[in-house]
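Visitor: Residue strings, one per chain:
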Amino acid sequence: MTTKQFKRILFGGDYNPEQWPKEVWYKDMQLLTKADINEATINVFSWAQIQPSEERYDFSTLDEIINLLTENHFQIVLATSTGALPAWMANRYPDVTRTDFEGRHHRFGGRHNACPNSPIFRYFGQKLAGELAKHYGHLDNVVCWHISNEYGGQCYCDNCVAAFRVWLKKHYQTLDAVNQAWNTHFWGHTFYEWEEIFPPNDLGDAIGEDNSTIAGLSIDYRRFMSDSILQNFTDERDAIRQFDADTPITTNLMGTFKDLDYFKWAKEMDLVSWDNYPSYNTPYSFTAMSHDLMRGVKGGAPFMLMEQTPSQQNWQPYNSLKRPGQMRSMSYQAMAHGADTIQFFQLRQSRGATEKFHGAVISHADTDNTRVFRETAALGHELNGLGTEILGARTPAKVAIMFDWDNYWALEYASGPTVQLKYVDQIHQYYAAFYRQNVAVDLIPTDLSAKELAKYDLVVAPVLYMIKDGVAANLTSYVKNGGHFLTTFMSGLVDRNDNVFIGGYPGPLRELLGVWVEEFDALPPEKHYQVTFNDQADFTCDMLCDIMHLEGAKALAKYSQGEFYQNTPAVTENDFGQGQAFYVGTQLAAKGLDYLVGQLIDQFGWEHYATSEAVEITRRDQADASYYFIINNGGNTEQVNWTKAGQDLLSKQAVATGTLALDPYAVKLIKVTK
Amino acid sequence: MTTKQFKRILFGGDYNPEQWPKEVWYKDMQLLTKADINEATINVFSWAQIQPSEERYDFSTLDEIINLLTENHFQIVLATSTGALPAWMANRYPDVTRTDFEGRHHRFGGRHNACPNSPIFRYFGQKLAGELAKHYGHLDNVVCWHISNEYGGQCYCDNCVAAFRVWLKKHYQTLDAVNQAWNTHFWGHTFYEWEEIFPPNDLGDAIGEDNSTIAGLSIDYRRFMSDSILQNFTDERDAIRQFDADTPITTNLMGTFKDLDYFKWAKEMDLVSWDNYPSYNTPYSFTAMSHDLMRGVKGGAPFMLMEQTPSQQNWQPYNSLKRPGQMRSMSYQAMAHGADTIQFFQLRQSRGATEKFHGAVISHADTDNTRVFRETAALGHELNGLGTEILGARTPAKVAIMFDWDNYWALEYASGPTVQLKYVDQIHQYYAAFYRQNVAVDLIPTDLSAKELAKYDLVVAPVLYMIKDGVAANLTSYVKNGGHFLTTFMSGLVDRNDNVFIGGYPGPLRELLGVWVEEFDALPPEKHYQVTFNDQADFTCDMLCDIMHLEGAKALAKYSQGEFYQNTPAVTENDFGQGQAFYVGTQLAAKGLDYLVGQLIDQFGWEHYATSEAVEITRRDQADASYYFIINNGGNTEQVNWTKAGQDLLSKQAVATGTLALDPYAVKLIKVTK
Amino acid sequence: MTTKQFKRILFGGDYNPEQWPKEVWYKDMQLLTKADINEATINVFSWAQIQPSEERYDFSTLDEIINLLTENHFQIVLATSTGALPAWMANRYPDVTRTDFEGRHHRFGGRHNACPNSPIFRYFGQKLAGELAKHYGHLDNVVCWHISNEYGGQCYCDNCVAAFRVWLKKHYQTLDAVNQAWNTHFWGHTFYEWEEIFPPNDLGDAIGEDNSTIAGLSIDYRRFMSDSILQNFTDERDAIRQFDADTPITTNLMGTFKDLDYFKWAKEMDLVSWDNYPSYNTPYSFTAMSHDLMRGVKGGAPFMLMEQTPSQQNWQPYNSLKRPGQMRSMSYQAMAHGADTIQFFQLRQSRGATEKFHGAVISHADTDNTRVFRETAALGHELNGLGTEILGARTPAKVAIMFDWDNYWALEYASGPTVQLKYVDQIHQYYAAFYRQNVAVDLIPTDLSAKELAKYDLVVAPVLYMIKDGVAANLTSYVKNGGHFLTTFMSGLVDRNDNVFIGGYPGPLRELLGVWVEEFDALPPEKHYQVTFNDQADFTCDMLCDIMHLEGAKALAKYSQGEFYQNTPAVTENDFGQGQAFYVGTQLAAKGLDYLVGQLIDQFGWEHYATSEAVEITRRDQADASYYFIINNGGNTEQVNWTKAGQDLLSKQAVATGTLALDPYAVKLIKVTK
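Residue numbers (the numbering used here), protein chains in the order written: chain A, 2 to 675; chain B, 2 to 675; chain C, 2 to 675.
These are calculated hints, taken from the structure and not from any lab test. What you are looking at is a predicted structure, and each value in this text was computed from that prediction instead of being measured. The reader is advised that the hints may include incorrect statements.
Under the rule of at most 20 Å between Cα atoms (straight-line distance), these lysine to aspartate or glutamate pairs were calculated in the EDC-like manner [unchecked claim]:
(1) A/Lys23 to B/Asp177
(2) C/Lys423 to B/Glu356
(3) A/Lys170 to A/Glu103
(4) B/Lys23 to C/Asp177
(5) C/Lys23 to A/Asp177
(6) A/Lys423 to C/Glu55
(7) B/Lys423 to A/Glu356
Okay, chain A solo, but in the shape it has when bound:
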């Protein structure tokens, strides 16, 4: 299933009329229609209302809402409401709530509050999804199912403990295999019975939330939790499918969110959708990367932008307004990277409770006479005019960056060599270097075959700390056959159980990279060194410095400082088969990465554009045309030197080559026919 089947750019978002008296509903219909909003995401948090007790379902209000939306020609994304438990359930069946990292069983509160392994929760959750599908699955304008909401979190209750042991048995068969995998002889942790295994929280093997006595155990608990919650998703999905065979089913993801292995999740989802909430100081490149990741988890398929705020957030420390034009530019940035819907949280701003200061299309002022409403409506009209030709367009990337939740978890559980090492930050540093040159990038998993990798000129895998089975072989084969691979310090260190490859770093990548890393030095924050590329270009490096020996590779850069490892290799290149493998043994400052990416652009001749930091140029392709999004993400006027004549689908004007002036937050969407 694809976003194409929506047959329009869905433009709408979360809508909770059940929280309002009915007279408000009619006003909403008028205002939303005026803004060319064509979609409403409903029933996200109504469980307590539609199921007031164990045995009773009451869809009367939901019926009314759906009727009203239908009459007013809205497409509906229908949620299942299981993102927050009803209070009665928590009170009558205490098992349905979670036990936290501190070891405390919760009573009732918040959302994302269900124990994923509670049989009672699972029973009620899938029953509700089935009931909803039975009632509404046949409706034409129910165009998408939205299961639960922003899944995440952990539980450490006794039901989870029991399920974890079952999960372990399934994955390892024997306790011996578990002991082996987790290297439990360390600190005398050998298990003789399954009942001796407890979850890694404060009462067990955790050392705070970010560290663990037995990282293998903690990583497996992460996998188990991601799987457990995914099972909640598939429970409901399967229940829906009993009554509705063909409406796409999704749940809203959250970019680089740590808890869930979205590559694994996306396999179970018909469409990916996600919620984009950058802060005032989030780099533009980080938002772009998050979009690309959300496209990447589903193999490049366009996705739904399920939520963004029209202007203001409420839960960030400093909730600044989106500037005039900025919501529009951010919407097109999403689209540029693969979004085929533009949806908001939410259509009408809440009156009370924790999100009441979260912006909405219809604000507390309850009028269309607001800047936010006007900008939303203008975008609605514009998208309406854009038609559907962009739907399904793909991103043509020759560079891929690997992203992997197992690595994310494992690297951040590692005790040593430095507390500054954060997985997403490392990925983003490389992504940003390509982004600054407007080179298209795909985010990919680590388990692609050499054949799947072959479409890329270059595969970049920063901190590929954990090498799972097959990964090294695939990469080796990919490079041997002409591919190019770049990785960094803290790569090739451990297997899927977090056990180090013995015999010299970077373990199974050593031959491919042609280097042996003997030691890595952690620099404290106040210390940095320099590297020199080609005996001429000096750049700062910090945090970690590998001390390595060339085993076939040649040095691209050497440490020009660094005490006893001065003049040893810092960045290397290895000719391997028909391809090349690069190794970056230290954290290069942005200018160093720019230099490196510049060299690669020279080598591969990728499409790229020199722009100021604020401007991005992003391309999506249909069979017969390319669509270039030229976006000024910032508040200053910018210029771009443009080389491809085409048609701006927004201004409906032809665009010639030459200098383009870009007002603050300006967007051009230039169609270039192939």
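Model the placement of chains B and C on the given structure of chain A, informed by the hints.
Guide: Just chains B and C now, with coordinates in the frame of chain A:
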């Protein structure tokens, strides 16, 4: 009842002879008498001693102490000792201790440790108060009852849960009303039975201690806790009144302490008393404001300064000494703002346990040969010489600032727009601007009638976030009849249940203020803008910037920076009826507030004095005379230009008009006959 | 027993072959032998393996390991494995795990995880030690027993509560005595039954981990915990002694580690051993002090350096590499201060779990071709060549600094006067001043007799806050008979129960010091003053300033700033009997301490050397020779002016007087025959 009935300036403080062998008592009597100390506050923490078991009271030691004090002509403030549970009670009746925010029931420790809704604690507490009143209520020199000590804190135990549900039933009658009030349909929180409601701690709807899924619930729990603890107070008060009809009853408050709604408390107290513990870096204006608040909670009545330290604190991070003369100047600062007693914690310094490094009149040196003792004694003599003419004098303020615990709680539970927003800080910014000009200010509650407000030229209500029933009408009527009202950003947003007024900010104040606030922008800490008053005076603003439309008001100041809202109104004035309403839409730096207050002084002609930052001039009035306290709060020599001839009651010298030189920490108390 | 009986410099460390397949063992033997490693510390974390259930012991693997080591001529330090519980024990007997400060009983995880008062743990622990001794105690190459590992931590479970009450009865006999000792009448804490006493954790009288309502209780709980865990040690020691009468028994200590009173512990240990893990920014003087403390707890006896890392740590925030030569220089620094063994954690680097990035002699590269291996082997050869003449050599110090765990605990529980006051930091400031002049220092307990003290020219006792019984008398007698004593602010304040001495600070030291401290002023961090020595030398002081009166002493320095205490004494000297007593009433900056120490060197003529900060010169003595360790601790080339001709035992060359050049991390070990 008033402080006048003490017939002297009580000068003394906490005294715990039961912690010492008797030979020490006699030495104390000599030393304290030498310092002209005329009062002792006793029995504050003796519960374990005077009630060694469920059935036995033993007042023998207390009898001895009271006899000794009486023989030595001391007035007695008699505490009830219920500020700390006896260990035997906690051990035998575990319900009497508290369950904390983390969900843990405590065993025994600290003080302020009783669950306010424990029936066992309530039973024993009021029984003890009654027994004490029966024994000592008839004594002439027991001039005041002091119930418990520094009440505060929270409990989340099952007794409190049960009591909370009863409290809710009383306030809301039906669960529907609760669901409505708390907007529980948000995140599907709808309650169908009272038993589904749990307190907002870590196991419930809290999001940390400062945030909440359902702010309405958290605010109500604050109200409930304040009421529950107040009930502990009235339990004991009523028990005392059965045996003692006319001795004033108080408990010691703590200024801007967040936990208790002191306006509600003061209604139940005969006299207000409070404990003043500024840090080395507390602004003088903050201490002044705290005094004014303590006067304000009881409608302007003079109060007792129940505790201050003679010199050093122990529980602050850096416990610096009060400089020579500073204890005296701070005592007179208290008096200037309404204190009619000067009391210390404590008369003799503890030997052991957590407060042993807290200063006292008689220090560990156990002698009168200390600076602290000499300064105390000198003040004792001076106060003795001052007589009683100041007792009961009132503060003549034409400006009032509203302070409200519901707003305090609600504003600080709000998620968004910025984590920097703190209630007391906002109040203090305005207070300090008037203080810098030595303009007298009353701190008042929000529920005064238009008639009660009419005595003020100007009512200032910073961040009047929550508008409870009647408040807007009172303010509107007050202004219509010639009053002047000033409020700020984050005002008029929510009703008493924290639900937003729909239809445009500032809600019920919109017409009065003549502005519509469409948006508010949160600036991160590194960002600030400028506003310009009258096209000429530029001042910095930061944190929050309202974007507003004039609806009858005129702009007093506009943003001269601020990107898209540059040149829009930042500060406005609205002529309304016979009065005016001002709105300050951003956080002005001190100089901006000074400019604004300067304009108001010009407009209203209030009595004011230009002094350096360290000097304050404060007035109290009796029928026939005004008393001016001219205080140098700082360590440098200062000058004041003085315009009212009178008599300095401290130096006993006539004071002519002209320049007055003020030594460090100097005080003049000038009587000007009317 | 002494380190002499090892008859060699043990050179080896922790070795865990049971965590590896056997083929690895044989490689290890080859590599370790190549590095002249002669010792292995084994069986540190094998409890789960050697006792797989309640009734079964399985020493087969351990037998094999010992056989292999024996065949390869290794000396063995044999651990008892009780540093980490087996999972089966935690699961079947939940009492064996700990209840934490938060009040939570733990399931299973980590290490140091046994409740010291669990009868089940105690039973199994001592049974295991006995079994091991029975099996292995007769072996010639088992040269030392190593009980458990890095003992520490606290437990607050019900078994501990019960044991604490027993401990209290033993120490105080009556509850009255407890109430008296803890001054429980404060805040009405009087106990009437033993069952009312609870441990001072979050559910009791703790105020966070660093503060307490009743410091006397918290200090006693610290004593009780140290004693409880010591009892675990003596349990096992006594069990071993039933089967092995003469092999030395130790456990590895941790320098200034707070939890355990190592002076008390050392009395029960045959030899002291310890683990030295400085961070990249630990001052050289701090490491030196830690060594001296470990020598001091056993009255000056040489000790074992049980653990250090060959290069990299893993659990520090920034785990930088030891520079080439630095592991060697740090090994000799240990030896210079009394170490007679050089041992590593560990011989082979772990594959998995939390310490896998902790360095080892054989790294993950699994080869001798690493810098770390080469440096280790070089040191092994060098030590081999050094022979045994250094074994047992003593440190000839004329200066002693008192260190005391009761003071450590008590001072840091004190509420006030400043949160900046940390015990070890205060000790180190004085230690560092002597270290900078290369003056030898002993760390001694506070309970030495005047006769024992008499060997020192000067006894320094920074922040001698708590004066236990006899201490003041001993010091007074020591000075009266010609000794010299120096102490500082925050001294002489409380007795062993943390109750203040009434009558004037510094209490029982007042006569000896000839001063009365009336007040102490805490300066906030942004504030500092100056003191002037002899009207000429000005130095900064901060944090705390005593205000004192001379009572026989004369002022060596006065405050030249300090507002009202300007020109009052800051540092004093009192001639007392045939000796002198010095008092330093404020925190002097390093230059001030250097000046003071310089004056003392002039007065006493101690052996000292002017060196750069990085260089230390340290002496150990045998009967017929002195051994001078000249160590460049830093990475720069240094020079030293050397005045004693001798023989460098490392280079095997004669050393003449004159300028010695020192390469980075260079070491000279010069034997000067007496």
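Visitor: Give a verdict on every hint.
Guide: How the hints compare with the structure:
1. A/Lys23 to B/Asp177: holds (17 Å)
2. C/Lys423 to B/Glu356: The hint holds at about 19 Å.
3. A/Lys170 to A/Glu103: Not OK: A/Lys170 and A/Glu103 at ~26 Å, beyond 20 Å, violated.
4. B/Lys23 to C/Asp177: holds (17 Å)
5. C/Lys23 to A/Asp177: holds (17 Å)
6. A/Lys423 to C/Glu55: Violated: A/Lys423 and C/Glu55 sit about 44 Å apart, past 20 Å.
7. B/Lys423 to A/Glu356: Cα-Cα ~19 Å, so holds.
Hint violations for this structure: numbers 3 and 6, all remaining hints satisfied.
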